[in-house]
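4 protein chains.
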Amino acid sequence: MVLKSKDQYLESIRKLDADAYMRGKRISDVTRNGFTRLALNGIGQIYELSLDKKYETLLTRKTEVGAKISAYCSIHRSKEDLVNRVRTARLICQKTGVCTASRCCGWDALNALWYSTFEIDSRFGTDYHKRLKRYVARVQGKDLTFAGALTDAKGNRSLKPKHQPDRDMYLRMVDENRKGIVVRGAKSMIGGAIGSHEIIVQPGVGFSEAEKEHAVAFAMPLNAEGIIQVVDMQPGGQAKLEEGFDKGNVSFGSSESLIVFDDVFVPRERVFMSGEYEYAAETVTKFVQLHRMVLGGCLAGCGDVLTGAAALLAEYNGLSRQLSDRLAEMTYFSEALYAQALGSAHEGKGTPSGAWFPDPLLANVTKISVSRLPYEIQKIAEDIAGGIISCMPSELDLRNPKIGPLVEKYYRGIRGVSAEKRLRAAKLIQSMVAGPGRLGALCMHGGGSPAAAQMTIRQLADLESKKDMARKLAGIQEAS
Amino acid sequence: MVLKSKDQYLESIRKLDADAYMRGKRISDVTRNGFTRLALNGIGQIYELSLDKKYETLLTRKTEVGAKISAYCSIHRSKEDLVNRVRTARLICQKTGVCTASRCCGWDALNALWYSTFEIDSRFGTDYHKRLKRYVARVQGKDLTFAGALTDAKGNRSLKPKHQPDRDMYLRMVDENRKGIVVRGAKSMIGGAIGSHEIIVQPGVGFSEAEKEHAVAFAMPLNAEGIIQVVDMQPGGQAKLEEGFDKGNVSFGSSESLIVFDDVFVPRERVFMSGEYEYAAETVTKFVQLHRMVLGGCLAGCGDVLTGAAALLAEYNGLSRQLSDRLAEMTYFSEALYAQALGSAHEGKGTPSGAWFPDPLLANVTKISVSRLPYEIQKIAEDIAGGIISCMPSELDLRNPKIGPLVEKYYRGIRGVSAEKRLRAAKLIQSMVAGPGRLGALCMHGGGSPAAAQMTIRQLADLESKKDMARKLAGIQEAS
Amino acid sequence: MVLKSKDQYLESIRKLDADAYMRGKRISDVTRNGFTRLALNGIGQIYELSLDKKYETLLTRKTEVGAKISAYCSIHRSKEDLVNRVRTARLICQKTGVCTASRCCGWDALNALWYSTFEIDSRFGTDYHKRLKRYVARVQGKDLTFAGALTDAKGNRSLKPKHQPDRDMYLRMVDENRKGIVVRGAKSMIGGAIGSHEIIVQPGVGFSEAEKEHAVAFAMPLNAEGIIQVVDMQPGGQAKLEEGFDKGNVSFGSSESLIVFDDVFVPRERVFMSGEYEYAAETVTKFVQLHRMVLGGCLAGCGDVLTGAAALLAEYNGLSRQLSDRLAEMTYFSEALYAQALGSAHEGKGTPSGAWFPDPLLANVTKISVSRLPYEIQKIAEDIAGGIISCMPSELDLRNPKIGPLVEKYYRGIRGVSAEKRLRAAKLIQSMVAGPGRLGALCMHGGGSPAAAQMTIRQLADLESKKDMARKLAGIQEAS
Amino acid sequence: MVLKSKDQYLESIRKLDADAYMRGKRISDVTRNGFTRLALNGIGQIYELSLDKKYETLLTRKTEVGAKISAYCSIHRSKEDLVNRVRTARLICQKTGVCTASRCCGWDALNALWYSTFEIDSRFGTDYHKRLKRYVARVQGKDLTFAGALTDAKGNRSLKPKHQPDRDMYLRMVDENRKGIVVRGAKSMIGGAIGSHEIIVQPGVGFSEAEKEHAVAFAMPLNAEGIIQVVDMQPGGQAKLEEGFDKGNVSFGSSESLIVFDDVFVPRERVFMSGEYEYAAETVTKFVQLHRMVLGGCLAGCGDVLTGAAALLAEYNGLSRQLSDRLAEMTYFSEALYAQALGSAHEGKGTPSGAWFPDPLLANVTKISVSRLPYEIQKIAEDIAGGIISCMPSELDLRNPKIGPLVEKYYRGIRGVSAEKRLRAAKLIQSMVAGPGRLGALCMHGGGSPAAAQMTIRQLADLESKKDMARKLAGIQEAS
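Chains as they are written, first to last, in my numbering: chain A, 1 to 480; chain B, 1 to 480; chain C, 1 to 480; chain D, 1 to 480.
Any given hint could turn out to be false.
Because identical chains cannot be distinguished in the list, a pair is counted as satisfied if it fits within a single copy or across any two copies.
[What the hints assert, rightly or not] Below, simulated DSS-like cross-link-like pairs (lysine-lysine); rule was C-alpha separation at most 25 Å, straight line:
#1 K62 - K133
#2 K6 - K472
#3 K409 - K142
#4 K54 - K402
Hint data in this document are derived by calculation from the structure and do not stem from the laboratory.
I would like the entire structure built from these sequences, with the hints used as guidance.
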């Protein structure tokens, strides 16, 4: 049995002791730090559920030799795998209420590289795909969590990488020898890195020949020499440092890191692209194709939790019946996201490498929806919740001997509903609309910006065939 | 070969000579009447494409004995059939730009009854399912078009059927004997009835025991004694009566009829429900489950045509590049509808009767989207089209020797684009946003009202499990 | 008393006998033609209400010598005048349900030219303003209706006027002498021209020095030599030709024309700009500043009618209570438009010429809302109306002795509501969402495209001062 | 000169030493507590700007005897006052970026009570209005800040006050004698109470005769015996406790409190309603009429700041030109709110008491917009900001000698833009979309729920007159 237990996972991350900072201080033990431990719990929950027979289909796979491995370390080999990918995303968000990004993004990066290393090797006779296969076997065997890293620092966004005054604004190889390469640069918005064993780095944009030093992909353990991590705590993050229910989601959290590669040596065996700029854009494309689909499942799952919390509050306030329409509207938005993700999966196709990818047009359509619909869900949640989400006592007030009874008296709900229950439900909503890992942060930029998705849609829209349809119906003959 | 050619279809409808009226006059030959012939062309196009090898997968099926029949006469027997159902809907709307409702609604009604006759027989030992099977074999063998009829006159919407001052407001059996039943009432909004051989009638709402006389389903040829049809021409309908391109869509049209059953005798063999009120609601449910999914495909297809027409106009005006974002936004909306319909299909399930139905929650979600997103598509189309769609000369102006050259001069587009081309593209858009069969008419009430879909979503939302998710994350323990 | 009665107005237009065509034929008597007479009735209604004491404040003004003139021939001389301008727009749309564009656009063009002739004369020592004053006195004295014309044919939209292969794509002076000028070109989307005595032409875009031949403004009677009019009948227009209620709005209509100026001689006295390209853009700006504000009033008025019709149908269907939320939502959208228009008026300012104009930023904001909110109103109206608006018998069916009684039976509403009442209310909605003069046509391009309004907003947004606010709050010091 | 300086204000609040708690601990000095001092700064900014000649018109008024007082202590006596009220709201939000609710709500409560005490006295011969006049003179003379309190604890929302198991769920008189009354209950969501000298309490809903004990209005200093305050710190609140720019808005903050009235004695002179249940609803109505208008100004001002911050980030990223459309869209939404608020003001009317109130319909329309449009602004701000707002180092990271230079290198913007500048702009956005006082919290429930506003719109919509308009145009004659 290669699957790690949650405890084994936590212990392995503790031992890793990556060089990570938060608010200007090195984090000494990520499993004890109030903020990071919640993020680890989120990922740990995947480990825990993976051992549960009930979730076997979604969370595990069998290797060719019959070993049971984590689905998060697998390659999608069929349409069914893609569909299950969406279901998995929804399930985990339902169970944690947060983005457990590292296992998600790493999974998608692995699949993207599976595709492009195969293509590169076919064209250039390189052996990246073989290296990657060994890497995949390794992460499967050790049940590792690996974050996926794409987004560079970017500097002046209106300049191409080759015109940046500081070329490090896009991560690049600064040296190369027979043993490996040396990389410099930074990747930002790396979800869940603090809870990951490894990081898989791939290009975040396409590159031209003059920019081939940026066309680099590799995997490294996060405690490698020269890798420095800065964790963002976001508004509301400090509340996470404490015990109790003020943090809303009492068990799980998410995290985002900046990862700096300060002249890091990457051994050849761990390099999956080094200069093949012709495949940079395609690797990005394959990653986002998967990830933009997956987000539909994630946000549906988060939408479910938010709908549930709103339904609880409505019940506690005695308004379940009156608010049933609005709750149905929340459900509509979550399910619309889910249906689009499933549609993308269903229309997926295999590639010569054996890896499957969702329909690119529909996956990008899902992303656009992901950047819009959750705001509607949030709006209704805030509406249903009522003013309480902008004015609540803390748990410490409730525990105070003088004011506690007053808080209890004035915040209780209908008969049998204590103030604590109401506050817990309200604080869960509050944390999802305004805390770290709030929906807005997740949905707008996860998987790239809406503008990037829109550009892809523009390219895939096949306007010519649509013009033909219109021409036929309007009776327009273009001169040949 | 049982498939009819388009000509055979038209001839068979002409011969049927149903008792149909439009604007107060009986229609003498529906294949020649300017308005109805376009609607027949729309349906005829299905017949034509069904003979085309290219569309074989979508438009035909094989029977168990290997005969090739129209898909429109088939029962969905797999998930793949459901997915193809959506694709078919999109294809036909792309090819015709209109709603060829009869074959669609009839198809869905057939499948709904396939399910419920099976269930009724299982419970009551009746033989409806056997009758229906014979009926199905008949329509397959003759390649018939049969409209589907659900919506009753309804009278006072706030009263239940049994409290209506005039019980005929919901179609009902007024007599029954060994040979058959006599029905009275009216069904409205029957798309494509004027181009149909038969009509399949089923309940439009659920009924209680006291209302069992309304729980009736049957099929009749449209030229049967006592069946009277009133066709609505809608705003813009008169333009359809003429030759030329002023009608926008120059070849195809749609139609909606009121069908009055003025004490019509239905022979036993054609009766598929007669009093089993317990199954009325379920039959409706199964119909809308299919139809609300299908609409996602239809509107995506119509959206494609509208996008194509807008792209043409943009090109003719020299603005293709400047408007590419807006065209991508149109594509986004069409594909979002499509993805949702596909998601519904993908999550479909089989029933004991052998018929498959899409996921009810997602199908209803698709319907809500169908009632909203096409307005966004329309809005952008009108924006891109520019003022021309509210001020255009007619083809007759263009042909007038005095003003024609002036119209030609001032309405031409970029080099090489004649006024006629621009006007044709603009009139196609105009007809789709403001003519009979405009998107708004199709998307808001097709498959029932958005309110009905929302009620279903409310019922299927499973708020309890969502509350549980929220409780777990918020750490709320309900007293047991 | 200079105010014309409605009959005097109609007679004067009949006598004018402009050279107008519709569907390839010259219109012999616009007061009898089924289509154009409705448009004339719309304008005629303004004449009628102007004589009503009740509407005196809104529809009339006093000249300096105390004569009571039509407000539609006046110059806005105060904030109150602007506010009343909005109220007038709403009132007339409430009373007619249509766009009586000519008197509106002409009014706004008159005010725009009042401003710019004053400015031109101040700078160049010309006498345009004096000419315009005499013209204003004339139209006031004769109570004339004058359409306003801006939009040129435009040709290739991506080319500037001076680069058009055919320079006539923007109306221009082709000759000039001491007696006057000769103009050639076409103006499109001229609302209400068919019911106007005169047409005021002004530039539709800004021009550079190389394009000064296009910088021309003037007024001409519509029956002048060389002026040719082509009226568009739009989808649903043919229904307007008949008696009865099938046309929805039984009394009033609107119209849009293309006006071709086929080398028309304009006497000097009627020329208000001839080559002063420096003021072309500003004249457009002043026009749209007014017109984009006014549209908020118009669409609020049309929204009121649509809300009323939806409320009627809800009542006839027995659903007033159940639909009260949705009706309130319709009201919300109408009033939001109105409030924005009033806000624009309130922030208006006077100019050296004495003419007042609304706040340019808020007026353009109103226009953007006008291009969006009416679609929401329409969507709800179609939702409330129910399927009936896509399937209704015509009045002729109702009058048919055989099918009439059936139609009556099955289309009647709650007790006491005849089929005719329900059909009339439904057809009114239908005509407003899908007939000529439908909301969509009015709101999207009236006053110019939303894109033009957005560009103005961009220019007026004063981002620098907003950046300063942000800098101060974020504590950012820019190096000086 | 009665106007306090900012320092005098702060000192006066410090001396007040109200019994206030935050996170379970009594706040010892609100001017030093990191969280509350920001809220006081917000209010303090009003005091500061009031002494600035530049803002004299908006922030001050003259009394009848010529004394210059704070506008925040005045009664609106004209349309101009109402318009200035909106401008003031926008100005203060532009200058502080937060809701300085106490002075706003207190101002509106004062005006509402001005109206209703006058009405009550007229009807019942009481002397509430005289008392209020003295109170007004006092707060004007001392330039006090008084919060406004409406929202009760409410308990089971589906039960009327009289059916609540615990009648204290709505604040009520529990005793009354010649000297005054004793009140018990709690008011929640009291914006800015922590920075207020006094609190004005008025009913939050209407009451029936059986509930007259709840119909109570009064003013008390916040340090009165029995008044206990619990301040909510919200997600992100802890970041406010520290120095530096991580809090986003470096100078100003907002606050919300629960105020418990634990059997508080209110002297007669400070009682403005005590049992006159007939005027409870009307007092609420007058308050929200004002407040819902005002919010349009507030959110426009906050929208300005957010637009400015997004523009800054766009500039720092080198994308000003590319994002100009989106920035214009943000401006559109802010100005639409402003225009609606101005429209409401413009249509305002005076009352017999001398106090003016905005148009009730338009004010409620503004509120609905306030609950929707800011989400659009937020969405675009998050889009423009890019992923940085979900992953940023803290100021402490920037100051760390090891990682600081790396953060500086990888977070800097275009030439000349330091990491600190980019982070400051991004953190300002972050604090406005996800910190305490975020737009969502302000806009959804400020001035009552959108549902309450919708209900008012329903009541004021005058559907009957709209039905009449429709009837006339459709030619419908109702039998008389």
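Here is what the structure says about each hint:
1. Taking the shortest alpha-carbon separations for K62 and K133, only the intra-copy value of 16 Å comes in at or below 25 Å, while the best inter-copy value is 44 Å.
2. Proximity of K6 and K472 under a CA criterion of 25 Å is satisfied inter-copy only: 18 Å between copies versus 61 Å inside one chain copy.
3. For the homomeric pair K409 and K142, neither the shortest alpha-carbon distance inside one copy (53 Å) nor that between copies (36 Å) is at most 25 Å.
4. Taking the shortest alpha-carbon separations for K54 and K402, neither the intra-copy value of 47 Å nor the inter-copy value of 47 Å comes in at or below 25 Å.
In the structure shown, a violation is registered for the earlier hints numbered 3 and 4, in ascending order.
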